[in-house]
Structures are given as structure tokens and as C-alpha cells.
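Participant: So you can see what is in the structure, the chains are spelled out below.
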Amino acid sequence: MTAQPQPNSFRTGPDERGRFGIYGGRFVAETLMPLILQLEAEYRSAKDDPAFQAEMGSYRTHYIGRPSPLYFAERLTEHLGGAKVYLKREELNHTGSHKVNNVLGQILLARRMGKKRIIAETGAGSHGVATATLCARFGLQCVVYMGAVDVARQAPNVFRMKMLGAEVVPVESGSRTLKDALNEALRDWVSNVHDTFYCIGTVAGPHPYPEMVRDFQSVIGEETRAQMLEAEGRLPDSLFACVGGGSNAIGLFHPFLDDTDVAIYGVEAAGFGLSGLNAASIAGGAPGILHGNRTYLLMDKDGQIEEGHSISAGLDYPGVGPEHAWLNDIGRVKYLSATDDEAVNAFQVLTKLEGIIPALESAHAIAKVLELAPGLPKDHLMVVNLSGRGDKDVPQIAERLGTKL
Amino acid sequence: MSDRIGARFAQTAREGRAALVTFVTAGDPDHETSLEILRALPGAGADVIELGMPFTDPMADGPAIQAAGLRALAGGETLVKTLDLVRAFREQDQATPLVLMGYYNPIYVHGVQRFLQEAKEAGADGLIVVDLPPEEDEELCLPALEAGLAFIRLATPTTDDARLPMVLKNTAGFVYYVSIAGITGAATPDFTVVAEAVARLKRHTTLPVAVGFGVKTPEHAAAIAAGADGVVVGSALVDAVRSSLDGQGRATEKTVAAVTDLVAALAAGVRRARAAA
Ligand SMILES: Cc1ncc(COP(=O)(O)O)c(C=O)c1O
Chain A
1 MTAQPQPNSF RTGPDERGRF GIYGGRFVAE TLMPLILQLE AEYRSAKDDP AFQAEMGSYR
61 THYIGRPSPL YFAERLTEHL GGAKVYLKRE ELNHTGSHKV NNVLGQILLA RRMGKKRIIA
121 ETGAGSHGVA TATLCARFGL QCVVYMGAVD VARQAPNVFR MKMLGAEVVP VESGSRTLKD
181 ALNEALRDWV SNVHDTFYCI GTVAGPHPYP EMVRDFQSVI GEETRAQMLE AEGRLPDSLF
241 ACVGGGSNAI GLFHPFLDDT DVAIYGVEAA GFGLSGLNAA SIAGGAPGIL HGNRTYLLMD
301 KDGQIEEGHS ISAGLDYPGV GPEHAWLNDI GRVKYLSATD DEAVNAFQVL TKLEGIIPAL
361 ESAHAIAKVL ELAPGLPKDH LMVVNLSGRG DKDVPQIAER LGTKL
Chain B
1001 MSDRIGARFA QTAREGRAAL VTFVTAGDPD HETSLEILRA LPGAGADVIE LGMPFTDPMA
1061 DGPAIQAAGL RALAGGETLV KTLDLVRAFR EQDQATPLVL MGYYNPIYVH GVQRFLQEAK
1121 EAGADGLIVV DLPPEEDEEL CLPALEAGLA FIRLATPTTD DARLPMVLKN TAGFVYYVSI
1181 AGITGAATPD FTVVAEAVAR LKRHTTLPVA VGFGVKTPEH AAAIAAGADG VVVGSALVDA
1241 VRSSLDGQGR ATEKTVAAVT DLVAALAAGV RRARAAA
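Residue numbers (the working numbering), protein chains in the order written: chain A, 1 to 405; chain B, 1001 to 1277.
If you are wondering where the hints come from, they were derived from the structure by calculation, not from laboratory data.
So the derived label-pair ranges between C-beta atoms look like this:
id: 1; chain 1: A; residue 1: Asp-259; chain 2: B; residue 2: Glu-1138; range: 30 to 38 Å
id: 2; chain 1: A; residue 1: Thr-12; chain 2: B; residue 2: Arg-1250; range: 52 to 60 Å
id: 3; chain 1: A; residue 1: Tyr-63; chain 2: B; residue 2: Arg-1203; range: 49 to 57 Å
id: 4; chain 1: A; residue 1: Val-394; chain 2: B; residue 2: Leu-1142; range: 47 to 55 Å
id: 5; chain 1: A; residue 1: Pro-50; chain 2: B; residue 2: His-1204; range: 39 to 47 Å
id: 6; chain 1: B; residue 1: Gly-1076; chain 2: A; residue 2: Leu-353; range: 47 to 55 Å
None of these values were measured; they are calculated from a predicted model. Ideal placement from N, C-alpha and C gives every residue a C-beta, glycine not left out.
Turn these sequences into a full structure, and let the hints steer you where they fit.
Facilitator: What follows is the structure, encoded as C-alpha cells:
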């Protein structure tokens, strides 16, 4: 990494053009540009509106069930014999993952803007389920784009979305996974600009989405800070989160970015391994432009986007949020990766030791905790974001372990 | 800089008609056939050529152009090969303007300066890059103008009067009016609404205004050509390519003719438009 001058604060981005260093921006068709500007203006006014914040706070408490606990994983800690491991229990949120934090914010914003039709993309289905849930709650029309490959491997979530009243559209174009679902959602948005709100599920897309989604997810890190101070009287020494697009990770990290004694680790999906098919955009990609922003992308030397591979449908996006790309270059966050095998192992370890079945996505972060915690002193405080629960992954794990359900 | 685009629109204006702007995807269905198609377009009645640079994730395109891009990529088309096509076309045709159309990532990865220099040398006249709005002009638009390539911008139904001056500011060659808020090849536009939009654009610019998206038949072309300076047809042409392929997706002896026959019919539609009026 080239040494770069460090900014006074790591928390001031993006700039007015939506850039985090060279990353981010607004690389969209002209048709969408006026909508994005309008969204940004509306978001700024909502952010400063105490009534909006109060409404969001109330739903967070009574509908999502926040704050989520910061749980000391005692048996996992004993088993590893090193750092003291805490789990931020985002899997206990209503709908079972961190995705709902962001969806709540965006749906309240959509209501404020008078939009009646909500579209979303989903990979694992967590974001789709969260979006379908809030649309049911507020009586909004909901259309979820999901790659046909993911529809097949996340059947429980597909059925949940349908029960909630959403239309699930299997996307057959391109590689038929998350990136194609995003393309299709963007095409829908361009075609239905007058009444449609695009609820993006991660810190990707054109400005202001990466900033807005981060802000809605930062409740994770804000709570963690206060909870850790309460539990231990000091800040944690390290943070871990899995990185697909990077929303659960940035939500945990952002409130700690200026606490430079806190070591921060994002964990990408290494799939079959970094030399094989994987979804580690930072480790294996290069800067490029996709879905409205500049960031690290998996692509060939001609700039054609390559499919990410991960056992986890929520991590196989070939890009990563632009703020992560910047945090990587500037060296504030270190990005590691975990393979499919490591994730499946971590999934089983946590299930057996703590009685908590993690989402396969979250299991990638846990895999790195299993690897690193044993080598750290017992007074090292480690927080890992348990971004979602693993019920949706049970059929897939059963198949992998050779069990017929 | 030789202004082939300006000269061509001046010529069609003198002839009292709109220009026919044809879009085909480079390397579709394969590199050689695509060069044959390209070379046959002017003779069939194309006034301006848009050559699509294939991309895996064309977010503004409908199924027809998506599929054409994937056919080309599967056949091994690359940005370098696309520039070879331009060069080969230009060897035999000095007059027909050729505009490269695509998405920013392949250009960015190739290197902006390198791309601009190679595209200019190959004989391209302009660029249409869908995912670069005026807010990102420093990326490619300003360097392109500097390098002597026109940067043709899309104006859309969502571009209001307040935004229009910004959209038109660094535009050169012509203005591409997107007839619908939507993707290529989808809905057919309401021609009355389009005519009003073209009139509005012409109050803001002296550049020629070409209209595209959803124009599929000679009748559509004629309806648009009554008021616009150019009519762009894309999805219908790449669909003609697709329909001509064999069971394995390979070109047949019908492929080039499938495109040129449709171009000839569209050209007749464009010529009929004002003759009838
Ligand atoms: C439980 C869970 N965690 C993490 C992710 C990855 O997304 P992000 O990186 O935006 O947190 C997903 C995506 O579907 C998910 O379902």
C-alpha cells in the first residue's frame, strides 16, 4: 500500500460529488440523474428533520426490536482461548438481519416523497424479505428482482417474500445473480420514474445511496460503542464484519473510524480460494465503474464484469461499496477473506458452541475470528457483527453436509 | 478536425429530410460478419452509424441489445477489436460519421487517454457513453472534446428545463433525445409528445436533434422524422441479426441482408416523412 496523507477525520465523506477519494460518484444514465438529485435533496432534509428521526427511532424500537444486544460469547471465547469475543446480534432484528435497518430508513423516505411503488434487488433474500416486510407494513406495492440462480438456492426467503405480498421477479439475464438483479432493478427504475422508489440493499449504487445506506446502518456501530463502554468501560480493540456490498460492515465500522486504536477488519468471500473463483473484489479486483459508482470490481482485462462466486448468495456481488474501496486504499480498514469451507466450518462452530445459527454471510466474519482470536491476549476485546440468522441457509448446509431434508 | 457529423446533418437538412442513424453492436454475431454489416450500412441508407461497444452489464439496454452484446462477447469481441472494426470501415468510407456507443467501464479500464487517441486515429467521430451524465464531465467528456471527438449526450423526458442547459453545455455533434423514460427496445413512444420534446430541445440548441429508443418500423421512423433531424434505430436491427442466425447462433448467408433490408425500409420511411407532409 502506498502511504497516503491521512485525513483529519475518516468520517467526513463523501464530498459534494459523492466521492470517497476517487471512488463513488454518479455514473448513471441521464434519465435517472434528476431522480438521484431529488433523492439527495429529500434525504438531506429528512436527515435534519427531528420528526423524521423520531419516527425512525420509534419503529426501530417497537417494530425492529432495537437496540440489538451486544452479547459476550463465553463458550466461543473459552474454546478459542484468546481474545474476548462479543457478538453484535443483528440477527435478532425483525426479519432476521441487519438489512431491515436500511430498509426502514428508505421506506420512510419513500413515504415522505409520496412514492407508492417500491423496487429492490436481492441476493440471499435478506434485503428482499426486509423490503417486502416494510412494504406490507405500510401498504406499498413491492417488486423484488432476484437472480434466477439465487431464487433456486434461497427458496425459503423467496416464499417469505411472496407471503408478504411482494412480487419476486427471477432475473434470467447475464449471470443470473445479484449483479444482474441490480441491473434489472435499475432498468425498472428508468422505466417507472414517476412513481417508483428504488430501495437499494447495500452501500452501492450512485450517490447518495452509499452515504444514505451507511447512515441508516450506523445505528449498529453507535449502539456497539455505547454497549461496549457499558460492559467493559472502554472501546473494543477490534471489529470484524463480512463484506458483500458492505452495508453491515460500514454500519459497524463508521462510528469507530476516528478511534484509530480500534483495528477494523472487513471479510470478503474468497469462495473456492483467492486463486480460484471468488467474490473478493478488494483482494482480487481493480477500480472500475459499475452500478453508478467507481469501486473495486471483479472483471477481466477488457473491463467486462466477472461473476463473483461464493457459497453465500449475499456475498457474491462482484463489487464493493465505494467507501470500503477508499478505506482500503487509505489503510484505515484491513480487508481479509474467508473461503466457502472456512465459512461452513464457522457456521457449525458457532451453532454448536453458542446455540446461534449464523447466516452464511456472517459466518465469513466468524471464520476470521476463529483464525485470529486464539493468537490474541485475553484482554483483547473483539466485536463481530452477526449480520443475520442462518435459517435461510439450513437447506444449503444440509445438502453440503450430505443430509437429505 | 474533420466534421463528418456536422457535414452529414447539413447534407440531410439540405435534402429536406431527417438522417437515419443506425445502431449495431460490434462483433455481433461475430467479428467478420459485423464488419460486413458495417460496410453495407451506408449503401442501404444509413446516414450515421452508431457502433455499440459490448459490455456485460448494459443497464440502460433492453433484452435485444443485451443479447447482442453477449453474443459479441461470447465471440471474443474486445474493445481493441472494436477499434479495428472502425479502422477497417474507415479505410473504405471517408464520409459516413461513426459514433462509438457504450458504457464507461471498458473505456476506463483501457485507459481514457489511450482510448481517445486510438478511437480518433481509427476514424471514429464521436462517443455516446450512457453512464456519464454532465456531473461526471471531467471523466471523459472534456478529454474527448480536447481530443477532437464529439461527446454526444442523451437528453431524456426527465431532463427538465432547469437541467437542459447543463446537459447541452459540452455536447457536440448532435443531441440524442431518448424518446421514453425507459430502456432500449421497450415501449413505443407517443409521437406527439416526442415532437413537442424535440421542439423544446431546438429552442435550447442549434445542434441537430436525433431521436431514439423504441423506433422499430419504417412507420415509426417516418413519424419521428417529420420533426426531428435524425432517427435512431437499434434494437430492431440487432433483432434482425438474431433472427437470421442458425440454431447454434452463427451467422448465415441471410444475416447481412436481414440488416440491410430493414435499413433500406427505414431509410425509405425517413425519406417519405416530409415528402408526405
Ligand atoms: C445476513 C447478511 N449479511 C451480510 C450480507 C451482505 O451484505 P452487506 O455487505 O451489504 O452487509 C447479506 C446480503 O444479503 C446478508 O443477507
